[in-house]
Amino acid sequence: MASENNGSRSDSESITAPKADSTVVEPRKIALITGITGQDGSYLTEFLLGKGYEVHGLIRRSSNFNTQRINHIYIDPHNVNKALMKLHYADLTDASSLRRWIDVIKPDEVYNLAAQSHVAVSFEIPDYTADVVATGALRLLEAVRSHTIDSGRTVKYYQAGSSEMFGSTPPPQSETTPFHPRSPYAASKCAAHWYTVNYREAYGLFACNGILFNHESPRRGENFVTRKITRALGRIKVGLQTKLFLGNLQASRDWGFAGDYVEAMWLMLQQEKPDDYVVATEEGHTVEEFLDVSFGYLGLNWKDYVEIDQRYFRPAEVDNLQGDASKAKEVLGWKPQVGFEKLVKMMVDEDLELAKREKVLVDAGYMDAKQQP
Amino acid sequence: MASRSLNGDSDIVKPRKIALVTGITGQDGSYLTEFLLEKGYEVHGLIRRSSNFNTQRLNHIYVDPHNVNKALMKLHYGDLSDASSLRRWLDVIKPDEVYNLAAQSHVAVSFEIPDYTADVVATGALRLLEAVRSHNIDNGRAIKYYQAGSSEMFGSTPPPQSETTPFHPRSPYAASKCAAHWYTVNYREAYGLYACNGILFNHESPRRGENFVTRKITRALGRIKVGLQTKLFLGNIQASRDWGFAGDYVEAMWLMLQQEKPDDYVVATEESHTVKEFLDVSFGYVGLNWKDHVEIDKRYFRPTEVDNLKGDASKAKEMLGWKPKVGFEKLVKMMVDEDLELAKREKVLADAGYMDAQQQP
Chain W
1 MASENNGSRS
11 DSESITAPKA
21 DSTVVEPRKI
31 ALITGITGQD
41 GSYLTEFLLG
51 KGYEVHGLIR
61 RSSNFNTQRI
71 NHIYIDPHNV
81 NKALMKLHYA
91 DLTDASSLRR
101 WIDVIKPDEV
111 YNLAAQSHVA
121 VSFEIPDYTA
131 DVVATGALRL
141 LEAVRSHTID
151 SGRTVKYYQA
161 GSSEMFGSTP
171 PPQSETTPFH
181 PRSPYAASKC
191 AAHWYTVNYR
201 EAYGLFACNG
211 ILFNHESPRR
221 GENFVTRKIT
231 RALGRIKVGL
241 QTKLFLGNLQ
251 ASRDWGFAGD
261 YVEAMWLMLQ
271 QEKPDDYVVA
281 TEEGHTVEEF
291 LDVSFGYLGL
301 NWKDYVEIDQ
311 RYFRPAEVDN
321 LQGDASKAKE
331 VLGWKPQVGF
341 EKLVKMMVDE
351 DLELAKREKV
361 LVDAGYMDAK
371 QQP
Chain C
1 MASRSLNGDS
11 DIVKPRKIAL
21 VTGITGQDGS
31 YLTEFLLEKG
41 YEVHGLIRRS
51 SNFNTQRLNH
61 IYVDPHNVNK
71 ALMKLHYGDL
81 SDASSLRRWL
91 DVIKPDEVYN
101 LAAQSHVAVS
111 FEIPDYTADV
121 VATGALRLLE
131 AVRSHNIDNG
141 RAIKYYQAGS
151 SEMFGSTPPP
161 QSETTPFHPR
171 SPYAASKCAA
181 HWYTVNYREA
191 YGLYACNGIL
201 FNHESPRRGE
211 NFVTRKITRA
221 LGRIKVGLQT
231 KLFLGNIQAS
241 RDWGFAGDYV
251 EAMWLMLQQE
261 KPDDYVVATE
271 ESHTVKEFLD
281 VSFGYVGLNW
291 KDHVEIDKRY
301 FRPTEVDNLK
311 GDASKAKEML
321 GWKPKVGFEK
331 LVKMMVDEDL
341 ELAKREKVLA
351 DAGYMDAQQQ
361 P
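Respectively, the protein sequence lines represent chains W and C. Here UniProt numbering is used: position 210 in the first sequence is 210, and no number is missing along the way. Here UniProt numbering is used: position 122 in the second sequence is 122, and no number is missing along the way.
Honestly, the hints are just simulated from the structure, not real lab data. Ideal Cβ placement from N, Cα and C applies to all residues, glycine included. Just to be clear, a hint being listed does not mean it is correct.
Claimed, not checked - Straight-line alpha carbon distances no greater than 25 angstroms define the calculated DMTMM-like cross-link-like pairs of lysine to aspartate or glutamate that follow:
no., chain 1, residue 1, chain 2, residue 2
1, C, 310, W, 201
2, C, 261, W, 319
3, C, 94, W, 124
4, C, 231, C, 351
5, C, 94, W, 127
6, C, 261, W, 317
7, C, 310, C, 280
8, W, 345, W, 289
9, C, 144, W, 222
10, W, 228, W, 330
11, C, 39, C, 96
12, C, 144, C, 263
13, C, 325, C, 280
14, W, 335, W, 275
15, C, 17, C, 251
16, W, 237, W, 350
17, W, 243, W, 222
18, W, 243, W, 341
19, W, 345, W, 283
20, W, 228, W, 150
21, W, 106, C, 115
22, W, 29, W, 46
23, W, 228, W, 260
24, W, 106, C, 112
25, W, 273, W, 330
26, C, 144, W, 127
27, C, 298, W, 317
28, C, 298, W, 150
29, C, 144, W, 317
30, C, 325, C, 338
31, C, 216, C, 277
32, C, 315, C, 189
33, W, 29, W, 108
34, W, 273, C, 305
35, C, 315, C, 271
36, W, 327, W, 283
37, W, 303, W, 319
As the list claims (entries may be wrong) - Reference listing, derived: stretches of chain C covered by chain W, where coverage requires no fewer than 3 residues with Cβ under 8 angstroms from a Cβ of chain W:
no., stretch
38, 167–174
39, 186–196
Using the sequences plus the hints, can you model the full thing?
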């Protein structure tokens, strides 16, 4: 899985050598991504490879496969010299591995996308969430800072913030809106935000916070409500499932497409000065609207299938999130490409295909249908 | 353990309240312990294991464990980085009130060891909150929790700073205190835990750690006065702080946990003074001119300065009926008196050859 990158280093160095015709090519930029196996990590990797970057990902060791989202762009380590995407073992709870890989890889840009990012789970394992999300960000910032001092290099740092940080502060929420986090996850993201601001202000580190509003895609984790809906919908459509259990249908979110948002992350690190930006579509939609559009797209009525389960309500609810992304539009020249309805349909299409594949296996007796009560 | 049985004469006595204090060996911990014992509480402190003595501030009220049944103040080993010990002691002690005063509370040090600071200050508070919450659920009890916040959380947000002033922390310590603040608010809002944040502005006393600027000044002043030292090195003498007396502030902490509803409060004198003013009053009190002894050292400036902190404590005054008793000049003199006595004691030892004078260049 993880590979040493010595071959890549020499390969990179040869690229920087002057060509025979004396033209000096710009050296290939190197990016380090934590949380590379997640939704954002996979889209960001594709985006950066498309920009000609060499991409290194830090992944945690897992006895299960955990690279599904990046398998299609990952090259077997046996062809290591050809690969522009490499994976290494590390963890945000381990300062030593962070420092070592930064010193070995010498990245130009670091994107910290790693987190225990599920709100409800953060109420179950608050201690771990704080350690990875908050202190983990601090460990990485400190590793970047000491690397830049020791090597005289400049590394740019991106911190993945979340609209959850605003919590119960009323919308629209912008860069100057005060935080009122409503979960251990959100409070930890606030801490990571302020650690990042502090490292920028105290040490002059090029460090940015991207306060990204909810962003979805076919690669969204299945325990997030949007993907939970489309996943169940696909199975309902092909007859593998009859019920979908949900919590607060009136929760309103500003849902964008993850593939659009990773471009914003990259743009932040290309500016002359580091800063913090809200990234959002500026449209709020309720879970109920998501149900209307998704089930409607397949000609079904969600009321025939959805049941409310109190277990899915949060101890502290976040009712309404809608971002004000005017700063990102003005300064970064960024705007979302994929709108709400297109996003929903994109997700339904993909999950319907996945469900059809499951049905083939079920019909052939290779899989239980996992009927729900 | 404390007796809670009925008296022989059928009189029902009010059960003695039990308090658990983390960070009990610190300045605030020692004053709070004295205050609570005076109120009739049984006080339990969690201390970290250290190969050096670390209970100097408590020795005068601590009773030897051999007389354990008589003691109303007991110490146990625990650490905010260890969830198991927190949970175990809560279950054993069954406190009515928990005061989380533990922290790596030095701002400059937090720039040196940011990781540890975050783990103890931020995640440590979360571990304790979670331990309290699960103890309440398992036992059907209602523990009240106090979280020690800091004016440093306001950082570069201009004064006066109140409960509704947005934070802009300027150090890993301050950012970690912000996280602890929001974890506390979240546990109150999400679980109905009786949990309060006390956003205490700078508070000092003769027991303040010697690496905090106020105590650093009075400690050096005492030694200069008796001839054991000639120079004092300082950083930003224009920094302005709202300095109160720690002994007053612990009363505010206690009052927060006696209200009908949990909430967050700023505790401050509402007066701001610069380090330079502190020098004027302290050196002036013993008839010296600080300019003859103080030198500016760039090493003491922070990577990010916090220039001006001054609290708006109107909510604490209205809701808690709290107000500071010791003013700035009285506080400075109290500290100088104590440190002068300490310096005289050092001089006796130095003159007798038992101590190096530790002359500074």
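Hint check results:
Pair hint residue 310 (chain C) plus residue 201 (chain W) holds up; C-alpha atoms about 22 angstroms apart against a cutoff of 25 angstroms. Restraint check for residue 261 (chain C) and residue 319 (chain W): the C-alpha separation of about 24 angstroms stays at or below 25 angstroms, so the hint holds. At most 25 angstroms may separate the alpha-carbon atoms for a hinted pair to count; residue 94 (chain C) and residue 124 (chain W) meet this at roughly 23 angstroms. A threshold of 25 angstroms between alpha carbons decides the hint, and for residue 231 (chain C) with residue 351 (chain C) the separation of about 20 angstroms falls inside it, so the pair holds.
About 22 angstroms separates the Cα atoms of residue 94 (chain C) and residue 127 (chain W), which keeps this hinted pair within 25 angstroms; it holds. For the hint linking residue 261 (chain C) to residue 317 (chain W), the alpha-carbon distance of about 20 angstroms falls within 25 angstroms, and the restraint holds. Proximity of residue 310 (chain C) to residue 280 (chain C) is assessed by CA-CA distance (about 20 angstroms); at most 25 angstroms being required, the pair is judged to hold. Under the criterion of a C-alpha separation no larger than 25 angstroms, the hint pairing residue 345 (chain W) with residue 289 (chain W) is consistent with the structure, at around 13 angstroms.
Note on residue 144 (chain C) and residue 222 (chain W): the hinted pairing is violated, with a Cα-Cα distance of about 38 angstroms set against a maximum of 25 angstroms. Taken as a hint, the residue 228 (chain W) and residue 330 (chain W) pair is broken in the structure, with Cα atoms around 34 angstroms apart against an allowance of 25 angstroms. For the suggested pair residue 39 (chain C) and residue 96 (chain C), the alpha carbons sit about 14 angstroms apart, so the restraint of at most 25 angstroms is met. For the given pair, residue 144 (chain C) sits about 11 angstroms from residue 263 (chain C) by alpha-carbon distance, which is consistent with the 25 angstroms threshold.
Among the hinted pairs, residue 325 (chain C) with residue 280 (chain C) is consistent with the structure: their alpha-carbon atoms are about 22 angstroms apart, no more than 25 angstroms. Of the pairs offered as hints, the one joining residue 335 (chain W) and residue 275 (chain W) holds, with about 18 angstroms between alpha carbons and a cut-off of 25 angstroms not exceeded. At roughly 16 angstroms between alpha-carbon atoms, residue 17 (chain C) and residue 251 (chain C) fall within 25 angstroms of each other, so this suggested pair holds. Restraint check: the Cα-Cα separation between residue 237 (chain W) and residue 350 (chain W) comes to about 13 angstroms, which is no more than 25 angstroms; the hinted pair holds.
Annotation: proposed proximity of residue 243 (chain W) to residue 222 (chain W) holds, straight-line Cα distance about 16 angstroms (limit 25 angstroms). Proposed proximity of residue 243 (chain W) and residue 341 (chain W) is supported: the alpha carbons are some 23 angstroms apart, at most 25 angstroms. At roughly 17 angstroms between alpha-carbon atoms, residue 345 (chain W) and residue 283 (chain W) fall within 25 angstroms of each other, so this suggested pair holds. Under the criterion of a C-alpha separation no larger than 25 angstroms, the hint pairing residue 228 (chain W) with residue 150 (chain W) is inconsistent with the structure, at around 46 angstroms.
Distance restraint check for residue 106 (chain W) and residue 115 (chain C): the Cα-Cα separation of roughly 22 angstroms lies within the 25 angstroms cut-off, and the hinted pair is therefore satisfied. Taking the CA atoms of residue 29 (chain W) and residue 46 (chain W), the gap is near 14 angstroms; set against the 25 angstroms cutoff, the hint holds. A threshold of 25 angstroms between alpha carbons decides the hint, and for residue 228 (chain W) with residue 260 (chain W) the separation of about 21 angstroms falls inside it, so the pair holds. At roughly 23 angstroms between alpha-carbon atoms, residue 106 (chain W) and residue 112 (chain C) fall within 25 angstroms of each other, so this suggested pair holds.
Taking the CA atoms of residue 273 (chain W) and residue 330 (chain W), the gap is about 14 angstroms. The hint holds against a cut of 25 angstroms. Straight-line distance between C-alpha atoms of residue 144 (chain C) and residue 127 (chain W) comes to about 20 angstroms, which keeps the hinted pair within the 25 angstroms bound. Restraint check for residue 298 (chain C) and residue 317 (chain W): not satisfied, since their Cα atoms lie roughly 48 angstroms apart, outside the 25 angstroms limit. Note on residue 298 (chain C) and residue 150 (chain W): the hinted pairing holds, with a Cα-Cα distance of about 21 angstroms set against a maximum of 25 angstroms.
With a CA separation close to 23 angstroms, the supplied pair residue 144 (chain C) and residue 317 (chain W) stays within the 25 angstroms bound. Taken as a hint, the residue 325 (chain C) and residue 338 (chain C) pair is honoured in the structure, with Cα atoms around 19 angstroms apart against an allowance of 25 angstroms. Only pairs whose Cα atoms come within 25 angstroms are accepted, and residue 216 (chain C) paired with residue 277 (chain C) is accepted, the gap being roughly 15 angstroms. For the hint linking residue 315 (chain C) to residue 189 (chain C), the alpha-carbon distance of about 20 angstroms falls within 25 angstroms, and the restraint holds.
For a cut-off of 25 angstroms, the pair hint linking residue 29 (chain W) to residue 108 (chain W) stands: about 6 angstroms separates their Cα positions. Of the supplied pair hints, the one linking residue 273 (chain W) and residue 305 (chain C) holds, its CA atoms being roughly 21 angstroms apart against a limit of 25 angstroms. The hinted pair formed by residue 315 (chain C) and residue 271 (chain C) meets the criterion: a straight-line CA distance of about 16 angstroms does not exceed 25 angstroms. For the given pair, residue 327 (chain W) sits about 16 angstroms from residue 283 (chain W) by alpha-carbon distance, which is consistent with the 25 angstroms threshold.
Distance restraint check for residue 303 (chain W) and residue 319 (chain W): the Cα-Cα separation of roughly 22 angstroms lies within the 25 angstroms cut-off, and the hinted pair is therefore satisfied. Check on the stretch 167–174 of chain C: 7 of its residues sit with their Cβ under 8 angstroms from a Cβ of chain W, so the three-residue criterion for coverage holds. Figure legend: the stretch 186–196 of chain C, annotated as covered by chain W; annotation consistent (4 residues with Cβ-Cβ distances under 8 angstroms, at least 3 required).
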